[in-house]
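Please arrange chain B on chain A, whose structure you already have, making use of the hints.
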Amino acid sequence: MDSVDAVFVPPAAAWMPVSRKLATARRITLSLGYILVAVGGGVIAWSPLPRWWLVGYLIAAVVVYVWAWWVIGRRVAAYGYAERADDLIVVSGILVRRLVIVPYGRMQMVDLRAGPIDRWLGIATVQLHTAAATTDAAIPGLTPLEAAALRDRLAARGEARSAGL
Amino acid sequence: MTDPRRTHALTPLIQAVPAFPVAFVFLLGPGRELIASRGLGVIALTLGGALLGYLGLAAVSWLLWSRRTFWIDTDGDLRVDSGVVERSSRRLQLSRLQSVDIVAPFLARLAGLVEVRVEVAGTSGSHVVLRYLSRADADLLRRMILEFARRTADDVAPEEEPWVNEPDLLASVPQGRLMGSLLLRSVTATLLLLSVLLLVFTAATQGGAGLVLVLITGGLPILSVVGEFLSNYGFRVDRSREGLRIRQGLLSTKTRTIPAERVHAVAVVSPLLWRRRGWVRVTVTIAGVEGDASRSGPEVLIPVAPRAEALALIAEVLPGVDVEALPFVRAPRASRWRSPFAWRTLAVAITPDVIAARYGRMTATTAIAPHSHVQSVRVTQGAWERRLGLASLHADTAPGPVHVVARHLDQALVRPLADQEIALVHRVRRMP
Chain A
7 MDSVDAVFVP PAAAWMPVSR KLATARRITL SLGYILVAVG GGVIAWSPLP
57 RWWLVGYLIA AVVVYVWAWW VIGRRVAAYG YAERADDLIV VSGILVRRLV
107 IVPYGRMQMV DLRAGPIDRW LGIATVQLHT AAATTDAAIP GLTPLEAAAL
157 RDRLAARGEA RSAGL
Chain B
3 MTDPRRTHAL TPLIQAVPAF PVAFVFLLGP GRELIASRGL GVIALTLGGA
53 LLGYLGLAAV SWLLWSRRTF WIDTDGDLRV DSGVVERSSR RLQLSRLQSV
103 DIVAPFLARL AGLVEVRVEV AGTSGSHVVL RYLSRADADL LRRMILEFAR
153 RTADDVAPEE EPWVNEPDLL ASVPQGRLMG SLLLRSVTAT LLLLSVLLLV
203 FTAATQGGAG LVLVLITGGL PILSVVGEFL SNYGFRVDRS REGLRIRQGL
253 LSTKTRTIPA ERVHAVAVVS PLLWRRRGWV RVTVTIAGVE GDASRSGPEV
303 LIPVAPRAEA LALIAEVLPG VDVEALPFVR APRASRWRSP FAWRTLAVAI
353 TPDVIAARYG RMTATTAIAP HSHVQSVRVT QGAWERRLGL ASLHADTAPG
403 PVHVVARHLD QALVRPLADQ EIALVHRVRR MP
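So the sequences go chain by chain: A and B.
Sequential numbering of the first sequence, starting at 7, is according to the numbering used here.
Sequential numbering of the second sequence, starting at 3, is according to the numbering used here.
Don't take every hint at face value.
Using C-beta positions, here's what the derived DEER-type ranges look like [what the hints assert, rightly or not]: (1) A/G62 with B/L232: 30 to 36 Å; (2) B/L196 with A/A83: 49 to 55 Å; (3) A/A154 with B/F108: 52 to 58 Å; (4) B/R429 with A/Y71: 47 to 53 Å; (5) A/S53 with B/W386: 35 to 41 Å; (6) A/V102 with B/G322: 50 to 56 Å; (7) A/A162 with B/D77: 27 to 33 Å.
Reference excerpt, derived from the structure (chain A facing chain B, CB under 7 Å, subset only) [claimed, not checked]: (8) L36; (9) D92; (10) L101; (11) V102; (12) R103; (13) R104; (14) A137; (15) A138; (16) A139.
Think of the hints as simulated: they come from the structure by calculation, not from any bench.
Predicted model only: the values in this text are computed from it and were never measured.
The C-beta atom is built at its ideal place from N, Cα and C for all residues, glycine as well.
In isolation and in its complexed conformation, chain A is listed as follows (with noise of 0.2 Å):
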């Protein structure tokens, strides 16, 4: 291990890993979001522009298309979580690298929400809020069973903490 990832280590043996499905689900909105991108082709293949244009502007969305799917599996990869004690622990991101511990005493609220996509291949997120607008600590990728679980988890654990301001 070196010193970079000192940083971001896991509290036990491991952080628990996020379902690979969330990459599907990330890269069937990536897939739908290239609908846009043909548009743009066809844009392009119907004005007066030169030809060489479309070739560039093909290769392009090709390459871009290969990369961001490259990096959401990195991305998906890159998260992480740990249920301590007393806390949560959250680690995510690539470029910019997060950690966030919540203390379970501090969470207000317990938000489970799963989009149309997210239904249809069977995860839900996980997130986390106190009082803090900054927090942001969401867990994406969980399956429903252990979304359900982790907030019926989590909220318990938050009533028996919470000192009631």
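Only chain B this time, still in chain A's reference frame:
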């Protein structure tokens, strides 16, 4: 407990006053052409209409006023009944009181009246404005509300003479210093300097276009300086039993009470142009209690003060914290590649009570949050930071002007610091 009562009888007359400006706007706008074509009779007609509108508004306002009563009930809750066609009954649980502010809007002030704003913790509908009351009534009501809030919250027997509460002046801002501080802000000073240069330039070249620019470069800062001067005029902070009491304002005065336990974070801000004079500003994050995080309260503890005076104020809200003696750990030399100007100022300190972060060259800031109000701890590392072996530590607090962010620290230190901070958060949390 009090008997149901109404607000001051002059209320409807004051509330209907906006009918007049509407008439003037009409006269200046669409009415101008009418006057030109039909003669001066239009003015008389409009004024008559305005008067009629005023009386109508006053009548409606009177009806509402006569049906609106407020009192403190036997449970120690503030009750407000109102409505003519549809009656509504509001009930504010004073044990969850968040603030009682006395505000004197311009018109009400002319009549010697004020409004009282009561806020309790909770989601929507946790806010009541009683307008208007006489100054003496408002003060009495405020003290009673605070007294009931304290009594129901602590369940202690009321002392004798519960409302005697001598104010105790902690700090005030002389007008000269306030004006100086407003002029000595970088943006203001730059714009005013630019205006002078523009004026000289226009005079020299005799071109008129520069004057339009002067209107903007000179007008904007003057407007903002005058606005802030009026709102911060006579700023004073008193110690009262319920917390710090802040009074400010010339045209409309505002009184607010900040209980020490509601202070989530404090920042000492020292802008470049103030430093020679040793002035600082103190901003605070006053947050709603649980379930009401979005609402933040007053943000300035003192707009400008000598450093020692400001630190004494901070000692009031963060007892036992000596800002000058915080054990700061500075960012390493490598951070100069990430933050070439401010890197010498970047530092973090963790004491048994608080976490503090220092940052900023132009606007030197020391942000402090007690562990008891830190909501979560974050570590971030951007690509450039990773190359330099740096990472940043954030202590998340409720939304407000204060951000406790220790940037570009040595990455080997950051994770242990984060773990230390979270351990302290847990520890103070467990203590009742």
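Hints, one by one, checked against the model:
For the pair A/G62 and B/L232, the beta carbons lie near 60 Å from each other, so the given range of 30 to 36 Å is not met. B/L196 and A/A83 have their C-beta atoms about 53 Å apart, which keeps the hinted 49 to 55 Å range intact. Restraint check, A/A154 to B/F108: a C-beta distance of roughly 55 Å satisfies the suggested window 52 to 58 Å. Take B/R429 and A/Y71: their Cβ atoms lie about 50 Å apart, and the range 47 to 53 Å holds.
At roughly 40 Å, the beta carbons of A/S53 and B/W386 sit within the given window of 35 to 41 Å. Between A/V102 and B/G322 the CB atoms are about 37 Å apart, so this pair departs from the stated range of 50 to 56 Å. Roughly 32 Å separates the CB atoms of A/A162 and B/D77, a value that falls within the hinted 27 to 33 Å. Below 7 Å, beta-carbon pairs count as interface contacts, and A/L36 has none with chain B, the closest being about 22 Å; its hint is therefore violated.
A hinted interface residue such as A/D92 counts as satisfied when its beta carbon comes closer than 7 Å to some beta carbon of chain B; here the least separation is about 5 Å, so the hint holds. For A/L101, the shortest C-beta to C-beta distance to chain B is roughly 5 Å, which falls under 7 Å, so the interface hint holds. A distance limit of 7 Å between C-beta atoms decides the matter here; for A/V102 the minimum to chain B is near 5 Å, and the interface restraint holds. The interface hint given for A/R103 holds, since its Cβ lies 5 Å from the closest Cβ of chain B, which is under the 7 Å cut-off.
With a least beta-carbon distance of about 5 Å to chain B, the hint placing A/R104 at the interface is held under the 7 Å criterion. At a threshold of 7 Å, the smallest CB-CB gap from A/A137 to chain B is about 4 Å, leaving the interface hint in force. Interface restraint check: A/A138 against chain B, minimum CB-CB distance 4 Å, threshold 7 Å, status holds. Restraint check, A/A139 versus chain B: the minimum CB separation of about 5 Å is within 7 Å; hint holds.
The structure fails hints 1, 6 and 8 (numbered hints given earlier, in ascending order).
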